[in-house]
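*Asks:* Produce the entire structure from the sequences given, and follow the hints as far as they go.
First to last, the sequence lines map onto chains A and V.
Number 123 in the numbering used here belongs to position 123 of the first sequence; there are no gaps in the numbering.
Number 276 in the numbering used here belongs to position 276 of the second sequence; there are no gaps in the numbering.
Since the hints were derived computationally from the structure, they do not count as laboratory data.
Note that the structure is a prediction, hence the values are computed from the model and not measured.
Once the Cα atoms are required to be at most 30 Å apart in a straight line, the calculated DSBU-like pairs of lysine-lysine come out as:
#1 A:Lys483 <-> V:Lys480
#2 A:Lys321 <-> V:Lys480
#3 A:Lys128 <-> A:Lys232
#4 A:Lys480 <-> V:Lys480
#5 V:Lys483 <-> A:Lys480
#6 A:Lys96 <-> V:Lys436
#7 A:Lys321 <-> V:Lys452
Non-contacting residues of chain V with respect to chain A, defined by C-beta distances greater than 10 Å in every case (computed):
#8 Leu80
#9 Arg209
#10 Val229
#11 Asp518
Here are some chain A residues pointing at chain V (derived, C-beta under 8 Å):
#12 Gly284
#13 Gln326
#14 Gln409
#15 Gly439
Every residue, glycine too, gets a C-beta built ideally from N, C-alpha and C.
2 protein chains.
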Amino acid sequence: MRRSRTGGRRARRPDGANSDGGASGASPWGGLKGGLADPFVSRLPPYDILDEGGVEAIHETSMRLLETVGIDFRNDPETLALWAQAGAQVDGDNVKIDRNLALDLVAKAPETFVQHARNPARSVTFGKNHMVFAPVFASPNVWDLDGVRREARLADFHDFLKLTQMASSLNHGGAQICEPMDIAATRRHLEVIYGHLTYSDKPFLGDPRGGGRAQDSLRMCEIVFGRDVVEKNVVLLSLVTAASPLLWDATMLAQLRFYAANGQALIITPFVMQGANTPVTMAGALAQLNAEAIAGIALAQLVRPGTPVIYGVSLATASMKSGAPQYGTSEVARMTYVIGQLARRYKLPMRVGGGRNGAMLSDATAGAQNVMTMLPAIQAQANYIIHSAGWLESSMAASFAQFIIDLDQLAILQDFAQGIDVTDEALAFEAISQTKPGGDFFSSSHTLRHYKEIFVQPMIDTGGNYEAWRDAGSQDVTHKALKLARAALEAYEPPPTDPAIDAELRAYIERRNHELPDIET
Amino acid sequence: MRRSRTGGRRARRPDGANSDGGASGASPWGGLKGGLADPFVSRLPPYDILDEGGVEAIHETSMRLLETVGIDFRNDPETLALWAQAGAQVDGDNVKIDRNLALDLVAKAPETFVQHARNPARSVTFGKNHMVFAPVFASPNVWDLDGVRREARLADFHDFLKLTQMASSLNHGGAQICEPMDIAATRRHLEVIYGHLTYSDKPFLGDPRGGGRAQDSLRMCEIVFGRDVVEKNVVLLSLVTAASPLLWDATMLAQLRFYAANGQALIITPFVMQGANTPVTMAGALAQLNAEAIAGIALAQLVRPGTPVIYGVSLATASMKSGAPQYGTSEVARMTYVIGQLARRYKLPMRVGGGRNGAMLSDATAGAQNVMTMLPAIQAQANYIIHSAGWLESSMAASFAQFIIDLDQLAILQDFAQGIDVTDEALAFEAISQTKPGGDFFSSSHTLRHYKEIFVQPMIDTGGNYEAWRDAGSQDVTHKALKLARAALEAYEPPPTDPAIDAELRAYIERRNHELPDIET
Numbered sequence: 001m002r003r004s005r006t007g008g009r010r011a012r013r014p015d016g017a018n019s020d021g022g023a024s025g026a027s028p029w030g031g032l033k034g035g036l037a038d039p040f041v042s043r044l045p046p047y048d049i050l051d052e053g054g055v056e057a058i059h060e061t062s063m064r065l066l067e068t069v070g071i072d073f074r075n076d077p078e079t080l081a082l083w084a085q086a087g088a089q090v091d092g093d094n095v096k097i098d099r100n101l102a103l104d105l106v107a108k109a110p111e112t113f114v115q116h117a118r119n120p121a122r123s124v125t126f127g128k129n130h131m132v133f134a135p136v137f138a139s140p141n142v143w144d145l146d147g148v149r150r151e152a153r154l155a156d157f158h159d160f161l162k163l164t165q166m167a168s169s170l171n172h173g174g175a176q177i178c179e180p181m182d183i184a185a186t187r188r189h190l191e192v193i194y195g196h197l198t199y200s201d202k203p204f205l206g207d208p209r210g211g212g213r214a215q216d217s218l219r220m221c222e223i224v225f226g227r228d229v230v231e232k233n234v235v236l237l238s239l240v241t242a243a244s245p246l247l248w249d250a251t252m253l254a255q256l257r258f259y260a261a262n263g264q265a266l267i268i269t270p271f272v273m274q275g276a277n278t279p280v281t282m283a284g285a286l287a288q289l290n291a292e293a294i295a296g297i298a299l300a301q302l303v304r305p306g307t308p309v310i311y312g313v314s315l316a317t318a319s320m321k322s323g324a325p326q327y328g329t330s331e332v333a334r335m336t337y338v339i340g341q342l343a344r345r346y347k348l349p350m351r352v353g354g355g356r357n358g359a360m361l362s363d364a365t366a367g368a369q370n371v372m373t374m375l376p377a378i379q380a381q382a383n384y385i386i387h388s389a390g391w392l393e394s395s396m397a398a399s400f401a402q403f404i405i406d407l408d409q410l411a412i413l414q415d416f417a418q419g420i421d422v423t424d425e426a427l428a429f430e431a432i433s434q435t436k437p438g439g440d441f442f443s444s445s446h447t448l449r450h451y452k453e454i455f456v457q458p459m460i461d462t463g464g465n466y467e468a469w470r471d472a473g474s475q476d477v478t479h480k481a482l483k484l485a486r487a488a489l490e491a492y493e494p495p496p497t498d499p500a501i502d503a504e505l506r507a508y509i510e511r512r513n514h515e516l517p518d519i520e521t
Numbered sequence: 001m002r003r004s005r006t007g008g009r010r011a012r013r014p015d016g017a018n019s020d021g022g023a024s025g026a027s028p029w030g031g032l033k034g035g036l037a038d039p040f041v042s043r044l045p046p047y048d049i050l051d052e053g054g055v056e057a058i059h060e061t062s063m064r065l066l067e068t069v070g071i072d073f074r075n076d077p078e079t080l081a082l083w084a085q086a087g088a089q090v091d092g093d094n095v096k097i098d099r100n101l102a103l104d105l106v107a108k109a110p111e112t113f114v115q116h117a118r119n120p121a122r123s124v125t126f127g128k129n130h131m132v133f134a135p136v137f138a139s140p141n142v143w144d145l146d147g148v149r150r151e152a153r154l155a156d157f158h159d160f161l162k163l164t165q166m167a168s169s170l171n172h173g174g175a176q177i178c179e180p181m182d183i184a185a186t187r188r189h190l191e192v193i194y195g196h197l198t199y200s201d202k203p204f205l206g207d208p209r210g211g212g213r214a215q216d217s218l219r220m221c222e223i224v225f226g227r228d229v230v231e232k233n234v235v236l237l238s239l240v241t242a243a244s245p246l247l248w249d250a251t252m253l254a255q256l257r258f259y260a261a262n263g264q265a266l267i268i269t270p271f272v273m274q275g276a277n278t279p280v281t282m283a284g285a286l287a288q289l290n291a292e293a294i295a296g297i298a299l300a301q302l303v304r305p306g307t308p309v310i311y312g313v314s315l316a317t318a319s320m321k322s323g324a325p326q327y328g329t330s331e332v333a334r335m336t337y338v339i340g341q342l343a344r345r346y347k348l349p350m351r352v353g354g355g356r357n358g359a360m361l362s363d364a365t366a367g368a369q370n371v372m373t374m375l376p377a378i379q380a381q382a383n384y385i386i387h388s389a390g391w392l393e394s395s396m397a398a399s400f401a402q403f404i405i406d407l408d409q410l411a412i413l414q415d416f417a418q419g420i421d422v423t424d425e426a427l428a429f430e431a432i433s434q435t436k437p438g439g440d441f442f443s444s445s446h447t448l449r450h451y452k453e454i455f456v457q458p459m460i461d462t463g464g465n466y467e468a469w470r471d472a473g474s475q476d477v478t479h480k481a482l483k484l485a486r487a488a489l490e491a492y493e494p495p496p497t498d499p500a501i502d503a504e505l506r507a508y509i510e511r512r513n514h515e516l517p518d519i520e521t
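*Replies:* Written out as C-alpha cells, the structure is:
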C-alpha cells in the first residue's frame, strides 16, 4: 500500500508557529509557550519496513492464533457471555475467534475520532496522519527541580502538569506523570484527575484501574463537561493492557467494558517484553501482539459497536541476561514500523513510541535511546505517543531536566514530520543564480523571506565553541534544563476554571476520600 | 522507484556475528573484537521522503543551474581546457554544462566499486546496499583517555587508530581521526598515512590537500601494495570538497585530477551550511548541492572515464542567529533521505550522515543529535558514513569516551539495518501456541534456538535499577566508556607488517621530512 508523498505539497506548520520566529531567539513552536495547534498532522510518507507479503504473513499467523489457539479472558463471565453470544467458541476462559467475526468487529471501530478537552481549542483528533503527544506517566520517583532523586509527591505532579500545560510540543496531558506517593494509593487518582481538570485544559487519560477509579474519572469529567456532553462525546481515553501472552485479565476487562459502555475511548495495549512474554523473534512477537490487540479491539466493539479505539503497543526488549527491559533497541525500532503497517491495514489509530530509555542520567544513552524510539514512531505515523517527555530509568523516575530536554527534541521531530516543500519558491532557482560563486546567502531576499522557517531553535543552548562554554562555567544540559524548568514554573498561569465547578470537584473528592479504603481491598 | 522490501528474506548477520553470542555477555558484533565482515549490506528498503515528482523537481532545477548559471572552476586552466574540449560553454572560470553532456559523463561512473585494503579480507565495496563506516576525522583537539580536553597529538591519533582497528562496527579507517598537532602541518600527512598502513589493515582515505600530500599518499601505498597493484586497483579514496555555492577551487581541482588520473576513487562533496552557502529552504539547498556534485562527478569522468566516485555531501544547518553550524537538525535529517534518492537516481554510491553533534560532553544532546543524523543515513542507504564514532563539539574535538559510546550505538544501527525476518520459523506459531496464556518464553525451545539473535549487547552497561547503579558508585557513561577504551588499548595487537616494507616507509618519510618546508608555502 503506497501512501501519499510529501513532494509538491507545501510544508505547513501549526497555527502560530511562525509568529515568534525561529531566528528571533525563541523557539518557533518548541518551548513553553502553550499548545500545539490542532490538528497537528504528519506530512511524511509512512516508512514501510516490510513488504505487503511480510505484513500478510504476520496477519495470517495472528488469525491462526485467534482461530486455533484462542485468547484467555480470565475470570470475567460478562466478557465470556458476550463472546458466546457473538458466536465465538468459548471453552472455560479460552475464546477461539473466527477471523471473519474478529475482522467484522474491528471494522466497526472508527478510523478517526476526537477527544474533547474542556478548552475546545485543545481537543485532539486521533487517526490517519494526526499526531498527539503526551508526557511520561506513573513514575514513582523524580529527579526533582534541584536535580535530586527522591520519591515523587503531589507537588511534583502539579509542577509537571504546569510544564505540560505550557509545553508547545505536547497536546495531551497523559495521566499521572509521576505518582503522588504522598497520597494513599486508593485515593491518588482523585487528585490526578482533579489536577488535569484544573492545572491544565489539555485532554488526558482516564484511570484504567479497578477500585472505582475509572468511575471516578468519568464522574469528575461530568462535573466539568456536563453529563450530556460526556454521554455524547469522548472526553476520556484510557489505557487497557493485555497480560501477554494471549491473556486479558479481569481487572482490565472490567475497565474496558466500563469505558466502552460509556462511549469513551480505549488504547488496547499488548504489553510486549520481547523474548520474555513473546517469542524472541520479531515476527513472532508481532504475530502474537497483533492477535492480542485484535481480540481486545473486537471485544470493545462487542460491548458497544463503534467504540473508538487506538491500536496500542508498549514495546521493550527483554535482556537475555537479566530479563530486564531494554529500550532503544534495534528490535523495538524495527517492530515500531510494522505496528504502523498493521494499524493502517486495519484502518485504526495507533499508539507506539515515546522517549523511552534505560539511562540513569540525561546522558548520551538517554538521548540516543529516545531518538531511536521516537523517530521510528514518527515515521510509522503513530497517532498517539505517550512518554514523549521526562522518562528516565526505564520509567522508574520522571526527570524535570529530561522533560525540558525532550521538549526541545520533540520540537525538532515535529518539524521533521512536516516533510519537504518543493514549490518553485522553495527550489530557489533565482536566489541561487543571483548569488556569487563562493558567496553567501545571508543577505539574499529569499533568505529574508524564509529564514524564520529554519530551524527549530531549542530552548537549551547547545553548540558554539568550547572556550566560550568553558568560560561560561561548563554548564551541562541538565543544569541548563533545570534552570529553564524553574523559570517556566514561575511564569505559569492556570487556565480559567469556574469557581463553582472547582468547589463541586473538591466536594466530590472529599466525599470519595471518606468512602475509599486506606489500602487496596 | 520502489526498492525491494525485507519481507520474506532471512535477516543475515555478518560472518562471525553469532560466534560469541549476544546473550553470553559480549557484544555479538559491536565491541572491540575486530572487523565488520565484508560485505556489510543493508536489508532495509530505503526511505523515500519525496515522491518521484519531488525528486524530479530538484533534478530539473539542478540541470537548469548547470545549463544557464554554470559552475565556476576557479584558476585551474587544465580543468577549463577539459571542459572546453568536451563541448561545455567556458567563459572565464565559468562553465555552463548541457544536461546531456553532464548526465552522459555521470553515467560513466561505476555503480559499485571496491577499495582494496592491505589485508584483502578488509577490502570494502561501495554502492548499492553496501555500507562502510569510518570514524570522525581531523579534529584538532581531544577529550583524552583521562577525560581531559587538550590539543591532539600523534600519540592520540595512534590510540584512535588502534581502537578503529579493533572496532567491530568500523570497516574503514577514515583519515586523520584527530590532527597530530605536535607535528608540522606540512609533514603531518606522512605520519597519518604511515599510521593507517601499520597500526591498522583497514582501508583509509588519501589526503586531499595540496603541497604534495596526495602524491605522498599514493607513493606510500605503492610501497605497501606494490606499484602494479596500485595502478590497476583502487587503494585510496579521497574527499574533495566544493567551495559552495557553485564553485570548485584550484586546490581541490588539482587533487581531483590527480586521484582520477591515477585510477583512485573520489568522494565528490558539496559542503552544505544550509542558509549560509545555500538557500535557506531545503529544496533550494538540494538543487544547488546536486548541481555542484554532478559537475564534480562529471569532471572526474572527463579526466578518466570510469573514475569511481561517491556522491558525497557534508550537511549542516547554519544558525540564523550566529551563522554557526547546527547538527541533528530536522532539516539535515530530511535532506539526508533526498540525497539518497538522488544518488539512486544517478546510480551512484552515496556518502552522507555520521555521528555529528554540537555537544561539549557525551550528554543527551550528543546522543540525540547523533541518532538524528545516523538513523536517516542508514535508512537513506548511505554507502559511506564518515564520522561514525568519536565526534564532539561540531568536530572541534575527538573524544575517546564518545568513540566507545558511538561504537555501541553503531552496532545497534547496523543490526537495525538487517530488517525483519518473516520466515515461518521467525513467525513462531508453534512456540506461541505451546506457551501458557500469561506465561513466559524463557524456556521455550524456540527461544533457546534464537535468543542469541537479540539483542545487540552494548559494551557499556546501561539500564538496570537506580539503587544498584548508585551503590556501584553512580558511574556515568563517559567514565564507563573511558575504562573500556583504556582496557582495549592494553589488549591491542598490531596487524602484521613486513619489516622491510616498514623500513622503506620510514625511509620515504625521512626523505620527505627533509624536502618539505617547515611551514605552508
